[in-house]
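With the hints as extra help, turn the sequences into a complete structure.
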Amino acid sequence: MRLYPPAIADFERSGFDISSSDATVELSLLLESMATITISVNGERREISDIDPATPLLWTLRDHLQMVGTKFGCGKGLCGACTVHLNGASVRSCSIPISAVDGQSVTTIEGLAAKANKLHPLQEAWMEHDVPQCGYCQAGQIMNAASLLSRNANPSDTEINDAMAGNLCRCGTYKRIRKAIHSAATKGGAA
Amino acid sequence: MNNDLYNHDLEPDVDMPAEFIERQNRHSAKVSESANSFIPRRQFLKMSGIAGGGLVLAFSLSRSPRAKAANHGESDSTEFSPNAFIQIKPDGTIVIAAKNPEVGQGIKTFLPMIIAEELEVPWESVTVEQSEIDAKRFGPQSAGGSQSTPRNWDPLRQAGAVAREMLIAAAAKTWRVSESKCNADQGFIVNESNGKKLSYAELATTAASLPIPDGKTVPLKKRSEYKILGKFIPGVDNQALVTGQPLFGIDQQLPGLLHAVYVKCPSFGGTVNSANLDAIKARPGIVDAFVLEGNGVDNELSAGVAILAKSTYEAFQAEKALQVDWNHDPASKESWTDFQKQAREITSKPGKATEEQGDFSAAQSEAKTVVESFYTYPFLSHANLEPQNCTAWFRDGKMELWAPSQTPQSIAGMLSKLLDIDQSNIEVNQLRIGGGFGRRLLNDFACEAAAIAHKVDTPVKLIWNRESDLAHDFYRVGGFHNLTGALDSKGRLTGLQDRTIVYTPAGGDGKRPVRGGNVRASNIQCPEIPNVRIEANSLPLQIPAGWWRAPSSCSLAWVFQSFVHELAVAAKRDHLEFLLEQFGEPRWLKKGKANVFNTERAINVTKLAAEKGDWGKPMKKGQGRGLSFYFSHLGYFAEIAEVTVDSSNNVKVDRVVVAADVGMLLNKSGGENQVEGSVIDGISTLADQEITFENGAVKESNFDTYPLLRMSAQPNIEIHWLTSDYSPTGLGEPAFPPLAAAVTNAIHQATGKRIRAMPISKEGFKIV
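Chains Y and V, in that order, give the protein sequences. Heads up: the first sequence is residues 1 to 191, going by my numbering. Heads up: the second sequence is residues 192 to 959, going by my numbering.
Hints are computed from structural coordinates only; laboratory data are not their basis. Where hints are given, some of them may not hold.
[Claimed, not checked] According to the in silico footprint, chain Y covers these stretches of chain V (three or more CB under 8 Å from chain Y):
1. 295-306
2. 439-450
3. 576-583
4. 651-659
5. 797-809
6. 869-879
Just so we're clear, the structure is a prediction, and the values are computed from it rather than from any experiment. For glycine and all other residues, C-beta sits at the position ideal for the given N, C-alpha and C.
Right, here's the structure in full:
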């Protein structure tokens with residue numbers, strides 16, 4: 001069993017006595033349950049050590065990789081704010097344990113643009129049509145829309161409604177979201 | 192007729208947060224003196240250069256001038272900064288401070304637009320920076336009551352104009368010509384006599400040496416000269432938003448940050464007897480767990496258990512394993528079912544009139560037709576998509592917060608008392624807010640984060656999960672109205688009585704309504720009714736009540752605008768004609784008072800909505816068209832909804848036509864976004880939203896039981912703006928109130944069924 005120095009340091013800081021037998025048992029339970037996961041995030045290989053394998057992808061991104069573009073809304077896959085792409089398909093990152101994505105490829109809002117200076121057509125359309133109000137759900141909306149356009153380059157209103165049904169917007173920006181998706185589609189949004 | 196019921200200024204409880212208003216009033220005197228009362232930024236930077244050396248903001252979202260001063264020392268003394276809002280650097284950079292919290296109302300964009308307009312610079316040349324929280328330099332900084340526009344309109348125009356006039360003076364001095372020969376034009380001063388130009392950047396150093404004129408004396412541009420205001424200007428944070436950059440409270444990161452949850456008694460007001468803290472502390476990733484007794488004030492610190500973890504997930508898991516023996520003695524035992532029974536009983540009996548005009552009883556006995564109806568609506572949650580959160584760091588006796596708050600200026604005073612820290616040792620940074628709607632006017636989450644951080648020596652980010660967020664809101668109160676209307680033989684409305692319930696805080700004197708819970712005769716908005724009687728019966732409420740988008744109006748508009756339609760139908764009269772009759776002659780019921788009803792503006796928007804909304808045009812079977820009007824938060828809105836209802840009572844809202852008068856529209860994009868959002872929020876609310884509670888605890892827990900509208904229900908929304916000479920007013924709220932009655936009146940036309948209980952799912956209807 002490998003003792004991971006930061007974990008010990010954290011226990012020490014918390015006042016937890018690691019020399020006591022009970023504490024040793026607890027600590028060994030903890031460390032045995034920890035895992036090292038390797039995933040590709042936006043094309044970059046990331047190794048995450050000493051993570052509870054049940055940790056949702058959402059919190060792995062936000063807390064362990066400090067990538068906070070992906071948002072927490074409901075924790076139950078009900079709102080879509082946490083949408084990312086797993087191997088190119090949109091998924092709810094709040095409901096997928098990190099152990100289930102080991103070795104796989106994740107794209108987040110931070111990596112949606114192919115190049116730093118060239119935004120995805122959806123991102124451009126979102127800015128042009130000034131879609132966001134509070135903006136909190138928009139990363140999830142854009143990721144889900146990108147997935148839609150990659151399957152269907154020119155979706156109808158109904159197809160957009162159906163595909164976007166799981167992405168809630170509390171501010172009510174639906175009209176502009178639909179408009180921006182159409183606009184990106186005409187500019188080759190699937191690219 | 193003159194109607195005394197309408198002559199009062201809307202009271203804070205009716206229209207906007209009292210605490211918030213108090214604060215505003217305290218500061219606004221200062222602000223309205225002149226824009227010069229703000230400390231010039233240059234002077235401030237010099238001061239902060241000395242004071243700010245100890246600040247560490249390396250990982251912070253806060254890009255405040257103080258942070259820059261701390262990092263780079265004193266600013267360039269050659270830059271021109273006549274007030275806290277504007278910085279013109281010799282390299283041509285124009286930085287404008289955005290002073291108020293951005294909750295999605297677009298304020299981070301449109302307040303700087305006002306300054307840039309008067310400064311006379313191209314919008315593209317402006318960099319907007321979120322300001323610090325500092326009342327002395329920025330005046331009131333809050334987001335509530337749709338007040339930011341009216342309150343900032345004059346001071347911010349003056350701030351821009353002062354800078355522009357000083358640049359003109361600098362050019363005149365340079366060229367040795369009269370100032371009258373110099374004109375400002377898009378970042379340049381032009382010499383009228385020879386066409387020569389100097390850029391603002393070239394003039395910055397000279398301008399910085401000139402005396403600052405009084406803001407009240409500087410000329411302001413005419414509306415016809417505007418180049419930025421009224422245009423479609425996208426939000427200044429858009430690029431950061433669509434690329435997932437950290438912006439929101441919940442995105443705050445700091446070195447060594449711990450993640451915290453705070454667990455309160457499901458029944459409001461319950462305290463902690465004991466908890467399995469040892470077991471919690473032994474869990475993976477948990478750094479600490481402790482009980483906070485709180486101070487028992489619902490919008491400050493309720494009792495609960497804090498759990499600090501290395502990651503949010505570990506904190507959330509520990510919360511699931513937490514076992515608390517709650518002390519229910521002080522807790523709410525209230526039940527929505529009991530409230531409904533009680534209210535029915537109380538409002539069915541005659542009570543004491545709380546407001547009265549004429550003689551309603553006489554009108555009732557002389558009436559040809561009397562209509563009696565009972566309307567009810569539920570409690571609501573704000574359901575901000577970004578759950579409540581706050582980051583706090585207590586070190587060296589100083590508390591620093593990163594708070595997504597609509598009232599960030601009230602935090603320091605509150606914490607000072609709560610934690611016994613001098614206000615000068617409390618610093619609050621404002622971050623973008625993932626939805627306000629009034630929830631974040633109250634800073635309980637900031638008190639919790641600070642109280643937890645106060646106990647440890649690391650920065651702490653408190654996050655509520657969705658279940659906590661729905662279970663510990665400050666709710667829009669539900670309501671009950673036993674209405675009676677009297678119609679004479681000509682079908683004229685001669686009397687209206689409302690036997691209603693007004694909740695007052697439990698344990699109080701029963702005189703002040705809970706937040707957002709007042710009912711006044713002026714809410715009827717029919718000043719021509721000669722006989723009016725309001726019987727507001729007080730009932731105590733322990734469940735925390737709060738201001739919810741357009742407080743009071745958000746529910747009362749539906750009640751009264753539905754009942755007026757109901758009366759028009761009973762009188763066999765056209766609803767439009769009947770409604771216009773209730774406004775009477777075009778006049779301002781108290782001239783010069785923006786928050787007192789102006790029937791001329793009401794008539795104008797109502798007629799415009801009718802014209803654009805095809806009023807009177809025949810519809811197919813199963814279709815209906817409904818009209819509604821409301822004046823709130825200084826804005827006049829009339830709305831027409833068209834619906835199609837199928838045989839299974841599935842309701843499709845096909846089209847909503849909105850006619851608005853808010854003086855002038857400052858940002859076509861942001862303004863229309865607010866109206867579209869209000870329409871969607873209106874449909875979302877009436878469709879299936881309801882907060883219920885038993886034994887003092889809320890039953891709904893997530894978006895499966897408290898649903899938000901989905902994209903497929905989006906109607907076509909058309910917005911028509913009436914431009915008037917009145918000062919521009921805010922758009923966060925006033926488009927919301929009329930929507931519900933427009934839809935339910937349309938459903939009545941389509942089906943003959945009158946909806947008197949919200950949400951409409953209670954009456955067997957479903958929005959599709």
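Hint check results:
Figure legend: the region 295-306 of chain V, annotated as covered by chain Y; annotation consistent (3 residues with Cβ-Cβ distances under 8 Å, at least 3 required). Given as covered by chain Y, the region 439-450 of chain V passes the check, having 5 residues with a CB less than 8 Å from a CB of that chain where 3 are the minimum. Residues of the region 576-583 of chain V with a Cβ under 8 Å from some Cβ of chain Y number 3, which satisfies the need for three, so the listed coverage holds. Coverage of the region 651-659 of chain V by chain Y holds in this model, with 3 residues showing a Cβ closer than 8 Å to a Cβ of that chain against a need of three.
As drawn, the region 797-809 of chain V meets chain Y at 0 residues by the rule of a beta-carbon pair under 8 Å; below three, the given contact is violated. As drawn, the region 869-879 of chain V meets chain Y at 5 residues by the rule of a beta-carbon pair under 8 Å; at three or more, the given contact holds.
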